[in-house]
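Participant: Chains U and L, in that order, are what the protein sequence lines are.
Going by the working numbering, the first sequence opens with residue 1, and the numbers climb by one from there.
Going by the working numbering, the second sequence opens with residue 234, and the numbers climb by one from there.
None of these hints come from the bench; they were simulated from the model.
Please read these numbers as outputs of a predicted model, since none were measured by experiment.
It is possible that part of the hints are untrue.
Here are the simulated BS3-like cross-link-like pairs (lysine-lysine), alpha carbons at most 30 Å apart as the crow flies [as the list claims (entries may be wrong)]:
1. L:Lys384 <-> U:Lys129
2. L:Lys362 <-> U:Lys125
3. L:Lys362 <-> U:Lys127
4. U:Lys201 <-> L:Lys384
5. L:Lys318 <-> L:Lys376
6. L:Lys318 <-> U:Lys151
7. L:Lys384 <-> U:Lys99
8. L:Lys384 <-> L:Lys358
According to the in silico footprint, chain U covers these stretches of chain L (three or more CB under 8 Å from chain U) [said to hold, decoys possible]:
9. 276-282
10. 308-314
11. 379-385
12. 393-404
13. 434-444
Examples of chain U residues toward chain L, derived with CB under 7 Å [to be verified]:
14. Ala53
15. Phe133
16. Met135
Glycine residues also receive a C-beta, built at the ideal position from the N, C-alpha and C atoms.
There are 2 protein chains.
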Amino acid sequence: MQHHSHPHKEEHLTSSQFITDVVIGMSDGLTVPFALSAGLSGAVASTNIVTTAGIAEIVAGSIAMGLGGYLAGKTEQEHYAAELKREYWEVEHLPEREKAEIREIFAEWGLSPHSQELVVEELAKDKDKWVDFMMRYELGLEKPDVNRARKSALTIGLSYAIGGIIPLTPYFFAQDALHGLMYSCAVTLLCLFAFGYFKSKMTGQPPVWGAVKVTLIGTLAAAAAFAVAHFIE
Amino acid sequence: MQHHSHPHKEEHLTSSQFITDVVIGMSDGLTVPFALSAGLSGAVASTNIVTTAGIAEIVAGSIAMGLGGYLAGKTEQEHYAAELKREYWEVEHLPEREKAEIREIFAEWGLSPHSQELVVEELAKDKDKWVDFMMRYELGLEKPDVNRARKSALTIGLSYAIGGIIPLTPYFFAQDALHGLMYSCAVTLLCLFAFGYFKSKMTGQPPVWGAVKVTLIGTLAAAAAFAVAHFIE
């Protein structure tokens with residue numbers, strides 16, 4: 001997939017699609033079930049209800065996110081295939097219009113009419129390269145990985161579930177919901193901090209600031225859910 | 234933002250960032266609180282617990298998704314600014330290496346060495362255009378909209394909340410959780426179908442098939458949450 005080597009590019013690629021999917025699933029998995037169970041702890045005393053709601057949420061969330069990821073990947077593939085077909089048709093049947101489009105792109109870059117002409121003619125010699133150029137530089141579409149949709153679904157769904165089990169676990173052992181909440185906060189905020197740190201490292205962001213941001217979102221969501229549930233109950 | 238007109242491009246742009254954000258927020262908002270409340274209905278009889286849990290989930294989910302969207306937008310901006318600075322530095326201090334990189338890109342397209350040379354020299358005349366070229370075609374980065382992060386956060390968060398209130402509303406009026414579930418299913422599956430139809434239309438996918446897929450995800454998530462919660466309670 002990587003066509004030209006370059007020091008930046010290499011760095012960007014360390015955050016692979018797998019890591020991205022784990023991050024997507026886990027950041028929501030750690031946050032939403034944590035905040036939901038915190039919210040319920042502010043309204044009911046029984047840990048039983050908190051764990052039941054928590055597990056229902058994890059099941060719902062991992063299916064919604066996992067299948068959501070799967071369908072998004074599928075749609076991306078279908079979209080690419082449809083556009084590819086259309087570009088081949090256009091290159092075949094409306095070559096002059098397509099050439100004019102390439103010239104426009106080159107004109108934007110500041111190329112002289114002479115160079116525009118030269119480049120267009122060379123590019124148009126090979127139809128596959130021509131279409132590839134139109135796909136990438138005119139439509140901004142990269143060829144999606146065929147297995148990506150299925151892998152993505154599994155990774156996002158599982159990461160959500162793993163992330164969600166962490167804040168829920170203390171409630172299984174605590175004597176009441178408020179004690180569960182206390183331990184859940186301790187464990188989850190620690191995990192959110194570590195997760196935020198790791199995630200920021202992977203994407204080349206300042207890690208401590210990234211960790212603080214992720215932890216703050218979780219805290220805010222949990223505090224708000226607790227306050228609202230406590231108020232309405 | 235649109236540099237060259239083209240019939241495809243126009244079509245793609247109808248699904249604007251705002252619509253994308255509404256879709257992101259609402260598809261999860263309709264699905265997860267729906268499935269969570271369905272799950273709880275399988276385990277507890279009181280609609281009170283279902284609505285409390287549902288509201289806690291909506292608060293948690295909209296904050297997590299909204300702030301998540303905000304931070305993702307911010308990170309994208311910081312990333313762009315950092316890469317832009319680096320490219321300017323490289324164009325200034327390592328022009329020959331940067332030129333070689335452009336030549337490599339052109340070589341991939343099948344341009345002759347003569348045209349490569351010509352194009353590189355013309356491109357390198359204007360430093361801003363040169364850097365813009367490197368940003369877009371070497372790194373694949375588009376300049377992010379400065380206000381996007383804030384708008385995105387609000388839109389995603391609100392869409393999640395609006396989506397989530399729909400499946401929850403019937404439980405406020407129903408005599409018990411199972412009756413609530415019945416009405417919630419009717420209302421939500423209808424909304425999911427309409428939402429899926431609309432979303433697929435906007436993104437140029439087959440609308441009925443898109444509507445069926447979205448509705449199926451919601452049904453599956455709700456059925457699984459119901460089964461699991463019923464089993465563990």
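Participant: Hint by hint, note whether the structure agrees.
Facilitator: Do the hints match the structure? See the list:
1. For the proposed pair Lys384 (chain L) and Lys129 (chain U), the alpha carbon gap of about 39 Å is over 30 Å, so the pair is violated.
2. As the CA atoms of Lys362 (chain L) and Lys125 (chain U) are separated by approximately 27 Å, the hinted pair is consistent with the 30 Å bound.
3. Of the supplied pair hints, the one linking Lys362 (chain L) and Lys127 (chain U) holds, its CA atoms being roughly 28 Å apart against a limit of 30 Å.
4. Under the criterion of a C-alpha separation no larger than 30 Å, the hint pairing Lys201 (chain U) with Lys384 (chain L) is consistent with the structure, at around 27 Å.
5. Distance hint between Lys318 (chain L) and Lys376 (chain L) is fulfilled; the C-alpha atoms sit about 13 Å from each other, no more than 30 Å.
6. Taken as a hint, the Lys318 (chain L) and Lys151 (chain U) pair is broken in the structure, with Cα atoms around 35 Å apart against an allowance of 30 Å.
7. Between the alpha carbons of Lys384 (chain L) and Lys99 (chain U) the distance comes to roughly 38 Å, so the proposed pair goes past 30 Å and is violated.
8. A hinted pair counts as satisfied when its Cα atoms are at most 30 Å apart, and Lys384 (chain L) with Lys358 (chain L) does not qualify at roughly 37 Å.
9. Closer than 8 Å: that is the beta-carbon criterion, and the segment 276-282 of chain L has 4 residues meeting it against chain U, so the requirement of 3 holds.
10. Only residues whose C-beta sits within less than 8 Å of a C-beta in chain U count toward coverage, and the segment 308-314 of chain L has 3 of them, enough to reach three; the restraint holds.
11. Only residues whose beta carbon comes within less than 8 Å of a beta carbon in chain U count, and the segment 379-385 of chain L has 0; fewer than three means the coverage is violated.
12. Check on the segment 393-404 of chain L: 0 of its residues sit with their Cβ under 8 Å from a Cβ of chain U, so the three-residue criterion for coverage is violated.
13. Residues of the segment 434-444 of chain L with a Cβ under 8 Å from some Cβ of chain U number 3, which satisfies the need for three, so the listed coverage holds.
14. A distance limit of 7 Å between C-beta atoms decides the matter here; for Ala53 (chain U) the minimum to chain L is near 5 Å, and the interface restraint holds.
15. A hinted interface residue such as Phe133 (chain U) counts as satisfied when its beta carbon comes closer than 7 Å to some beta carbon of chain L; here the least separation is about 6 Å, so the hint holds.
16. For Met135 (chain U), the interface hint is violated, the least distance from its beta-carbon to any beta-carbon of chain L being 11 Å, above 7 Å.
Comparing the model with each earlier hint shows violations of hints 1, 6, 7, 8, 11, 12, 16; every other hint is respected.
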